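Protein chains in written order, with numbering that gives the first Met the number 0: chain A, 0 to 295; chain B, 0 to 354.
The hints are simulated quantities; they were obtained by calculation from the structure and are not laboratory data. Each hint should be verified, as a subset may be incorrect.
Per the computed footprint, the stretches of chain B lying under chain A, defined by three or more beta-carbons under 8 Å from a beta-carbon of chain A, are [claimed, not checked]: (1) 28-39; (2) 123-133; (3) 140-146; (4) 311-324.
Remember, it's a predicted structure, so these values are computed and weren't measured experimentally. Built from N, CA and C at the ideal position, the CB exists for glycine as well.
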Amino acid sequence: MSPDLGFALELLVSGLLVGVLYAMVALGFVLIYKASDVFNFAQGAMTFFAALALVSVLPHLGWPLSLLFVVVLMAALAVVIERVALRPLAGRPPLALAMSTLGVTFALGGLAQALWGTEPQRLSLGISPEPIQAAGILINRVDLVAAGAVAIIVAALIWFFQRTKLGLGLRAVADDHEAAMSVGIALRRVWVVAWTLSGLVAIAAGILWGNRIGVGFAVSLIALKALPVLIIGGIDSIPGAIIGGLIVGATESLAEGFIGPLVGGGVQEIFPYLVALIFLMVRPYGLFGRPVIERV
Amino acid sequence: MLYRECGVYRTTYAQDAALFPLPADRIGTAVLVLAAVLLPPLLGTYWLRGILIPFLVFSLAALGLNFLTGYAGLLSLGHAAFMAVGAYAGVILYGRYAVPLPLALLGAGVIAAAVGAVAGTPSLRIKGFYLAVATLAAQFLITWTIQHVPWISGGVFATINTPTVRVGGLVLDTALRQYYLAFVVVALLTVFGMNLTRSRIGRAWMAIRDRDIAAEIIGIRLLKYKVLAFIVAAFYAGVAGALVVFCWYGSANIEEFDLVNSVRILGMVIIGGMGSIVGSFLGAGFVTLLPILVSVAVHKAGVLIGGGAANSLISSLEDLIFGAMIVLFLVLEPLGLARLWKTIKDYLRLWPFPY
Chain A
0 MSPDLGFALE LLVSGLLVGV LYAMVALGFV LIYKASDVFN FAQGAMTFFA ALALVSVLPH
60 LGWPLSLLFV VVLMAALAVV IERVALRPLA GRPPLALAMS TLGVTFALGG LAQALWGTEP
120 QRLSLGISPE PIQAAGILIN RVDLVAAGAV AIIVAALIWF FQRTKLGLGL RAVADDHEAA
180 MSVGIALRRV WVVAWTLSGL VAIAAGILWG NRIGVGFAVS LIALKALPVL IIGGIDSIPG
240 AIIGGLIVGA TESLAEGFIG PLVGGGVQEI FPYLVALIFL MVRPYGLFGR PVIERV
Chain B
0 MLYRECGVYR TTYAQDAALF PLPADRIGTA VLVLAAVLLP PLLGTYWLRG ILIPFLVFSL
60 AALGLNFLTG YAGLLSLGHA AFMAVGAYAG VILYGRYAVP LPLALLGAGV IAAAVGAVAG
120 TPSLRIKGFY LAVATLAAQF LITWTIQHVP WISGGVFATI NTPTVRVGGL VLDTALRQYY
180 LAFVVVALLT VFGMNLTRSR IGRAWMAIRD RDIAAEIIGI RLLKYKVLAF IVAAFYAGVA
240 GALVVFCWYG SANIEEFDLV NSVRILGMVI IGGMGSIVGS FLGAGFVTLL PILVSVAVHK
300 AGVLIGGGAA NSLISSLEDL IFGAMIVLFL VLEPLGLARL WKTIKDYLRL WPFPY
């Protein structure tokens, strides 16, 4: 193996593993968009909120109780957000709802920092930082565990959507709000469930990211990486979020490795958006998204 | 009775097309302009640099975004990046090529508008959330380009200082003079904007905002007017960005034009009132004053409780209140502070009579 190819492979693998984590955040967006047609800019802030809440109670309660606390907290938060910021806006243009979630983003970030402080904190899962050597390339152990966790979560979500009554209800609502209501599905309860689910995804994403980069405001910026993921994969598709995340992770890592040195670094920050722009031009609804047909 | 509409007869076309047809509006505006001209010399530098100049700059930026979001219904998360383009264009034109200041301001606007035109072209094919992400991409790409092209920024994390700012023979070295420059520019562009929104262009934008497919069917060319909205918005942002450099900071620093500022300007538009000129000013005023009010309140509360309040707490509370305000206004008063202003006017129209 030539050194360049080895370098590329290493970048590719680490990029793919990071991409899995992007997919995790993007998944939260997809869940809410599918169920309620709301584009939730607050997903990043929710991830941050969950991670910070967890870190703050962890020293006092220990893992199991802390997790329980955060799950209950996120569920409560989902109910509150739905009540306060979304339900009153039902029937208004989607833009208003999206802007409302932008407001929620600021409010949540501010609330989290007012409650638990602005200092970045460490969150350790107790995984050794020693990389694994496999076929000549180095793989980060933490990333591997994270990828495994994401695989389990996605499997659980798929099971939920395919096999449970509530999951079926969510799919029905995603398909057609009115038809779903007419067969007796309580729309609002489904929305709360969708927000709770995305809150749970936010917890998982928050733990994984917090373990990687520490729990600080930077966690909520991960959402900015999830947006190109959605554009590439399609905003209403769970497989799309996964594939999109992998594409973003892989391309940005390769770009940073090969183009970065030529232009002075920082390519990672913008490359996903370049890819997303190309997709917007060529295929605005993403790889797996459903094209929208508009009528007057 | 204070705000009378009756008894105002329009007998000529010129009267009908007047910017302020009502005497009450004319008097009110005149008083406001007089106050803006006469009062600042009485205020200290803190008031000018800390409140009035930022207010004017952000009003201009919010006004620009209001054309785009409030009038044409296109969401943009990249407004601060257009300001950055204007800021750097202004500094480079004025500092490096010795272009006279008024022309440098204009040039800053024009260059930002050109960038805005490019950023706005996707708006024909995509809308809503997709457009928001495209403008977000513009935000990142523009700031990244400015940072990484040494010809523009002088290197990553560099700031460019402006040389002494002169208009004609006058040196703008005091906060007061800088304030007057900002005021004149903002006043001119506000009048231009007021006329623009009631022209063919403004009405086309509103038609597009209300239903773009229907607008297309009645013969409005979507590409032209959507891109035009981006051009005008970016022009205003560009001039505002140049004002940041010439009147406020005295230097161009990319950190000042990040995504948070884009969202903040969007917040001004939402809180102030979408599709309202007055609203842009009210929103900018509110968001500019908010940090000051919060820090004063926290300090007062801190004195009451007996502990010094941390700065981090202030900024967190500021975010919390800002976000809550956006949601609150979207839910309770979608037309923002401008709508409240109109309610007051309606009340004054009848006062002191009940009806």
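Hint-by-hint comparison with the structure:
Evaluation of the coverage hint for the segment 28-39 of chain B: breached, as 0 residues show C-beta separations to chain A shorter than 8 Å, against a requirement of three. Restraint check on the segment 123-133 of chain B versus chain A: 8 residues with Cβ-Cβ distances below 8 Å, three needed, restraint holds. Taking a C-beta to C-beta cut-off of 8 Å, the segment 140-146 of chain B contributes 3 residues in contact with chain A, enough for the three needed, and the coverage statement holds. Given as covered by chain A, the segment 311-324 of chain B passes the check, having 13 residues with a CB less than 8 Å from a CB of that chain where 3 are the minimum.
The structure fails hint 1 only (numbered hints given earlier).
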